[in-house]
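A.B. asks: Residue numbers (the working numbering), protein chains in the order written: chain A, 223 to 374; chain B, 223 to 374; chain C, 106 to 188; chain D, 106 to 188.
It should be emphasised that the hints constitute simulated quantities derived from the structure, not laboratory data.
Only a predicted model underlies this, so the values are computations on that prediction, with no experimental measurement involved.
Misleading hints may appear alongside valid ones.
Computed cross-link-like contacts, DSS-like style, restricted to lysine-lysine with a CA-CA straight-line distance of at most 25 Å [unchecked claim]: (1) Lys156/D / Lys365/A; (2) Lys294/A / Lys164/D; (3) Lys107/D / Lys164/D; (4) Lys242/A / Lys239/B; (5) Lys164/C / Lys294/B; (6) Lys164/D / Lys142/D; (7) Lys156/C / Lys120/C; (8) Lys242/B / Lys294/B; (9) Lys266/A / Lys266/B; (10) Lys120/D / Lys164/D; (11) Lys172/D / Lys107/D; (12) Lys365/B / Lys294/A; (13) Lys294/B / Lys374/B; (14) Lys266/B / Lys294/A; (15) Lys164/C / Lys107/C; (16) Lys374/A / Lys164/D; (17) Lys294/B / Lys239/A; (18) Lys107/C / Lys156/C; (19) Lys120/D / Lys156/D; (20) Lys266/A / Lys365/A; (21) Lys365/B / Lys374/A; (22) Lys266/A / Lys172/D; (23) Lys242/A / Lys242/B; (24) Lys365/A / Lys239/B; (25) Lys365/B / Lys156/C; (26) Lys156/D / Lys374/A; (27) Lys156/C / Lys374/B.
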Amino acid sequence: MSGETVTITLEPIDTNKESKAITAAGGNVGALVSFSGICRADEKGEEISALFLEHYPGMAEQEISAHVEEAKRRWPLLSARVVHRVGRIEPGETIVFVATASAHREAAFQAAEFIMDYLKSSAPFWKRTEGGKREAWVEANEKDERALDRWK
Amino acid sequence: MSGETVTITLEPIDTNKESKAITAAGGNVGALVSFSGICRADEKGEEISALFLEHYPGMAEQEISAHVEEAKRRWPLLSARVVHRVGRIEPGETIVFVATASAHREAAFQAAEFIMDYLKSSAPFWKRTEGGKREAWVEANEKDERALDRWK
Amino acid sequence: MKIVYFAWLRERLNKTEEDIEIPASVQTIGELMQWLKSRGEEYEYAFDNPKVIRAAIDKTHVQPGAKIAGANEIAFFPPMTGG
Amino acid sequence: MKIVYFAWLRERLNKTEEDIEIPASVQTIGELMQWLKSRGEEYEYAFDNPKVIRAAIDKTHVQPGAKIAGANEIAFFPPMTGG
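Same shape as in the complex, but just chain A (with noise of 0.2 Å):
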């Protein structure tokens, strides 16, 4: 496996460019998932102009690389890639970028599906909206806590 694995950025995130480079990985790649997650024009009924993300920089890429370093060992992943974006975002910009590539799809859908649902409840990241009716931090959602239920 080549290249960084995470990265956090204040730009925006280049899919196509991080999809690409993953695919390079090798002649062995027959399954690429790729999950973008995105800025929604609105956070729970209430329209907004922009996120605003905050996080503890070296925790949050040392969480996320433990977690892709797990889904490695349970998953036979030839490559796999995470990038989070910090700072402002628009509605359409995404926010997160997770790509895995393996033999078969099951480890590659697996996999992305276990590092997107760590990352939402233990990756030291925080939302804020800007543009409703005030701005306000964003709530943990119950339901991503209970999604890791599935991993143990």
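Got chain A sorted already, so can you dock chains B, C and D onto it with the hints?
C.D. replies: Structure of chains B, C and D alone, referenced to chain A:
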């Protein structure tokens, strides 16, 4: 939902263009999952120079469309797209591309896996290998047929 | 009746489709496979193991017990390997 | 001891980090939250409901019972909402 949902093509699949088209589905898309099935350089341990994909015109489109419709009944999808290539396909090239968009990730992941599982075992496509010790039709995978059980 | 063949069935029969008169006694997909099997050497080879052969009537999957009456197009093919 | 704050904890305290002397009697993360809460109005507001506050010692998630001895950096933050 706009544009064609299912396409069968002899031309290389432009996954970047396809992904862009599906995110254009609107402001409520929060999760985009895409799957690419890629031609591997080996098939059951034997090196191949290409795959040749044959299909049943008319029935192939109809079968895939029916499963995409079923996915839309089961999950709140905002958009879905399936592109399947036929003809001669070299290692590294994309055989099939599936993309699903939804407000949240669970629906997008589940629908993409559901469509792929059905496509693998009920869409009328047949693979022949080229360049191995002998040119041979690829045998159906029992695992792929069992993969359907979880959706019943 | 129009019958179409795919993959190794097409190769073994050396034809993609044909139009044949089917006797009235042949009523199901399973019976049709048995009857086709008796039509010559290449058919015997192609339909050697009917259990592994899949069928569609008018582009819809059917089981061997399906009635063929009223069909416009019957297709025979091996298990599918797309995706 | 270096303590860092994120999201609404940072906003309520109006600081991203601070260096404070912690009394020897304060041994766990839970005790540290109770002790911080007593340090003034903004702390009382920030640590009003310790149950919803998450903590990390040296960038690793810990439970309220975790011992703080030997820590270089302790972080307090709300439940995470990334991805």
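A.B. asks: Now tell me, hint by hint, if it's right for this structure.
C.D. replies: Do the hints match the structure? See the list:
no.: 1; hint: Lys156/D / Lys365/A; in the structure: holds (18 Å)
no.: 2; hint: Lys294/A / Lys164/D; in the structure: holds (22 Å)
no.: 3; hint: Lys107/D / Lys164/D; in the structure: holds (12 Å)
no.: 4; hint: Lys242/A / Lys239/B; in the structure: holds (13 Å)
no.: 5; hint: Lys164/C / Lys294/B; in the structure: holds (22 Å)
no.: 6; hint: Lys164/D / Lys142/D; in the structure: holds (22 Å)
no.: 7; hint: Lys156/C / Lys120/C; in the structure: holds (21 Å)
no.: 8; hint: Lys242/B / Lys294/B; in the structure: holds (20 Å)
no.: 9; hint: Lys266/A / Lys266/B; in the structure: violated (49 Å)
no.: 10; hint: Lys120/D / Lys164/D; in the structure: holds (18 Å)
no.: 11; hint: Lys172/D / Lys107/D; in the structure: holds (15 Å)
no.: 12; hint: Lys365/B / Lys294/A; in the structure: holds (22 Å)
no.: 13; hint: Lys294/B / Lys374/B; in the structure: holds (16 Å)
no.: 14; hint: Lys266/B / Lys294/A; in the structure: holds (23 Å)
no.: 15; hint: Lys164/C / Lys107/C; in the structure: holds (12 Å)
no.: 16; hint: Lys374/A / Lys164/D; in the structure: holds (23 Å)
no.: 17; hint: Lys294/B / Lys239/A; in the structure: violated (30 Å)
no.: 18; hint: Lys107/C / Lys156/C; in the structure: holds (22 Å)
no.: 19; hint: Lys120/D / Lys156/D; in the structure: holds (21 Å)
no.: 20; hint: Lys266/A / Lys365/A; in the structure: holds (14 Å)
no.: 21; hint: Lys365/B / Lys374/A; in the structure: holds (24 Å)
no.: 22; hint: Lys266/A / Lys172/D; in the structure: violated (38 Å)
no.: 23; hint: Lys242/A / Lys242/B; in the structure: holds (15 Å)
no.: 24; hint: Lys365/A / Lys239/B; in the structure: violated (33 Å)
no.: 25; hint: Lys365/B / Lys156/C; in the structure: holds (18 Å)
no.: 26; hint: Lys156/D / Lys374/A; in the structure: holds (24 Å)
no.: 27; hint: Lys156/C / Lys374/B; in the structure: holds (24 Å)
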